[in-house]
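Undergrad: Those sequence lines, one after another, are chains E and P. When we follow this note's numbering, the leftmost residue of the first sequence carries the number 1, and every step to the right adds one. When we follow this note's numbering, the leftmost residue of the second sequence carries the number 1, and every step to the right adds one.
Keep in mind that the hints are not guaranteed to be accurate.
Using 27 Å as the maximum straight-line C-alpha spacing, the simulated DSS-like pairs for lysine-lysine come out as follows [what the hints assert, rightly or not]:
#1 E:Lys136 to E:Lys77
#2 P:Lys84 to P:Lys31
#3 P:Lys104 to E:Lys277
#4 E:Lys311 to E:Lys273
#5 E:Lys159 to E:Lys2
#6 E:Lys11 to E:Lys374
#7 E:Lys235 to E:Lys409
#8 P:Lys84 to E:Lys273
#9 E:Lys277 to E:Lys374
#10 P:Lys31 to E:Lys358
#11 E:Lys221 to E:Lys311
#12 E:Lys388 to E:Lys235
#13 E:Lys221 to P:Lys104
#14 E:Lys413 to E:Lys159
#15 E:Lys413 to E:Lys273
#16 E:Lys311 to P:Lys31
#17 P:Lys104 to E:Lys358
Rather than coming from a laboratory, the hints here were simulated on the basis of the structure.
Spelled out, the chains give:
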Amino acid sequence: MKLKLIYPKWKKLPGQTTFNLPPHGPVVFAATLPEYVDVSFTDENVEEIDWDEECDVVAISMMLTTQVKRGWAIADKYRAKGIPVMFGGISTMLHAEETLQHADSIFLGESEGRQEQVFQDLQDGKLKKVYNYMGKQPPIELVGPARRDLYKRELYNHKGVQMVDLYHASRGCRFSCYPCAVSYLGGRCFRPRPIDKAIADLESIDNNRLFIVDNSLAQNKQWEMDLFREMIPLKKKWISHTIEDDPEVLDLAAQAGAWYVYQAVYDTSDYIKERVKRYHDYGIGVEGTILFGLDNQTEDDILRLIDFLLKIDLDLAEFTILAPFPHTKAYDDLMRQGRIFDHDWDHYNAGQVVYQPKHMSPERLQELYEYAWKAFYQDETQEEKMFKLFTQVMLREMEDGTYRPRNRKLANKTFGKEVDRSKSHFNEF
Amino acid sequence: MRVPERYYDEIFNFAGQWDMPSACGLKIINKNDKTYVIVTELYQDNPGTSVTYAAESLFHQVCEAKGLKGDIVYIECNPDTNSKLSFYDEEYFEVTFEEGNPPKYRQLDSMEIQSILN
């Protein structure tokens with residue numbers, strides 16, 4: 001059986017450096033398929049869909065809300081040709097009712113241990129409209145190494161530099177953060193993978209640089225420390241979200257190859273300033289993630305926050321505007337108050353205001369968001385700052401003998417396309 | 001972010017979106033020939049769909065389970081969870097349902113809610 005697995009493209013935010021990372025969801029899903037299913041994978045962000053490629057079924061994997069409309073359009077086209085289409089992934093779960101209108105089948109929940117039945121049904125002509133496993137997570141031990149062999153590696157390469165691979169060591173989240181739907185999607189319980197399984201998956205990745213995509217590793221200190229300890233011999237270098245603010249954990253993280261972390265900066269407190277410093281003390285870089293548009297933010301608060309960011313020695317900063325995704329408290333609150341005015345899912349990209357902010361006009365919030373990007377990267381561009389972080393990791397790799405020089409054959413390519421040298425400065429490494 | 005028990009008399013388990021096992025706090029008050037149904041969001045202790053997202057489905061499930069009929073005032077409560085974040089302050093909304101339209105919400109002021117609770 002031939003399955004064409006597609007990851008739909010989405011419109012990237014203007015003015016920001018675009019890096020296409022090899023997507024994680026599709027290859028995690030692919031690892032759960034029966035052996036007799038022959039998979040061909042297309043990431044539409046880096047290559048065109050070959051509409052004439054023969055297949056028995058199309059599976060569309062969607063992570064972002066900004067992918068859903070494109071995913072639906074792709075499905076409509078295949079279904080018009082008589083090819084059945086199934087959907088899965090985070091955004092399918094968030095937008096299940098609408099996705100159902102464009103699907104022969106939708107899969108809700110986590111895939112491990114469940115695809116044998118789906119494909120048996122497909123072969124028997126009894127494919128169900130909905131496979132509903134919401135709230136019924138499979139044992140975490142079943143999560144195996146992802147099918148990264150499906151990637152066309154040369155497409156995830158910028159001027160000869162391989163992009164980081166995505167990897168997850170846990171699922172679920174015990175926190176219920178205001179703008180986040182993860183606890184709805186993956187359960188309100190932190191489910192760490194067994195260390196040996198997590199390490200086996202890591203070892204299988206032919207890439208020394210990773211992005212550990214877990215929401216927060218700081219949910220089970222002992223497991224987190226055990227994981228870092230076992231990672232040390234692998235000499236991987238990695239990016240992650242928050243790490244436990246504890247000297248022992250930070251030390252182990254640094255030894256395990258922590259490159260830089262995403263740290264939410266939500267106020268101008270000394271705590272945040274010290275938190276950034278503590279990461280730096282252990283040689284771990286910090287990309288601040290700053291969310292604008294919450295109801296407790298006035299214009300002055302945002303402007304003060306931007307000033308603060310310029311003083312706390314962040315390595316990078318990423319600004320976003322609150323997007324009220326379904327199944328978040330943000331959505332519930334704004335919907336109840338009738339403040340959501342834009343229901344076009346393409347606009348839910350965290351760079352566009354889709355609701356009425358409490359303390360300012362939507363236009364003013366949009367201006368402040370754009371001002372923040374400009375102000376932070378005024379003296380040094382995003383690419384230049386990234387280059388500094390990149391230099392740090394290269395030096396560490398050279399020290400421990402894991403450095404791989406860039407692929408000269410791909411030096412003139414960026415994500416499969418010819419480099420336009422007039423546009424980029426990120427070409428020195 | 002545990003929800004204080006004063007907000008509810010019982011935990012009500014319901015089928016959320018896609019039948020996800022879900023839970024809310026429930027308080028039913030009979031007063032002045034009316035039945036006030038107060039459903040409270042439990043945040044981390046709700047494994048599934050929020051009371052707001054479940055909306056009319058939850059209303060019907062409560063009515064059916066408790067045999068409620070007649071003049072019912074349906075109220076959603078966002079409880080105070082002692083969070084430093086203002087989004088988690090206490091709020092009460094009266095919710096009305098009209099077929100074919102999204103639910104309508106009216107925030108209750110403290111006097112209104114106190115007159116129901118006391």
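Undergrad: Next step is simple, just say for each hint if it's right about the structure.
TA: Hint check results:
1. E:Lys136 to E:Lys77: violated (32 Å)
2. P:Lys84 to P:Lys31: Violated. Lys84 of chain P to Lys31 of chain P sits at ~34 Å, over the 27 Å cutoff.
3. P:Lys104 to E:Lys277: Not satisfied, since the Cα-Cα distance of roughly 48 Å exceeds 27 Å.
4. E:Lys311 to E:Lys273: Holds, at roughly 9 Å.
5. E:Lys159 to E:Lys2: It is violated: about 33 Å lies between the C-alpha atoms, which goes past 27 Å.
6. E:Lys11 to E:Lys374: holds (21 Å)
7. E:Lys235 to E:Lys409: holds (26 Å)
8. P:Lys84 to E:Lys273: holds (19 Å)
9. E:Lys277 to E:Lys374: Holds: Lys277 of chain E and Lys374 of chain E sit about 24 Å apart, inside 27 Å.
10. P:Lys31 to E:Lys358: violated (35 Å)
11. E:Lys221 to E:Lys311: Given pair Lys221 of chain E, Lys311 of chain E is violated - Cα atoms ~31 Å apart, limit 27 Å.
12. E:Lys388 to E:Lys235: holds (20 Å)
13. E:Lys221 to P:Lys104: violated (44 Å)
14. E:Lys413 to E:Lys159: holds (5 Å)
15. E:Lys413 to E:Lys273: Violated - the C-alpha atoms of Lys273 of chain E and Lys413 of chain E are around 39 Å apart, more than 27 Å.
16. E:Lys311 to P:Lys31: violated (58 Å)
17. P:Lys104 to E:Lys358: holds (20 Å)
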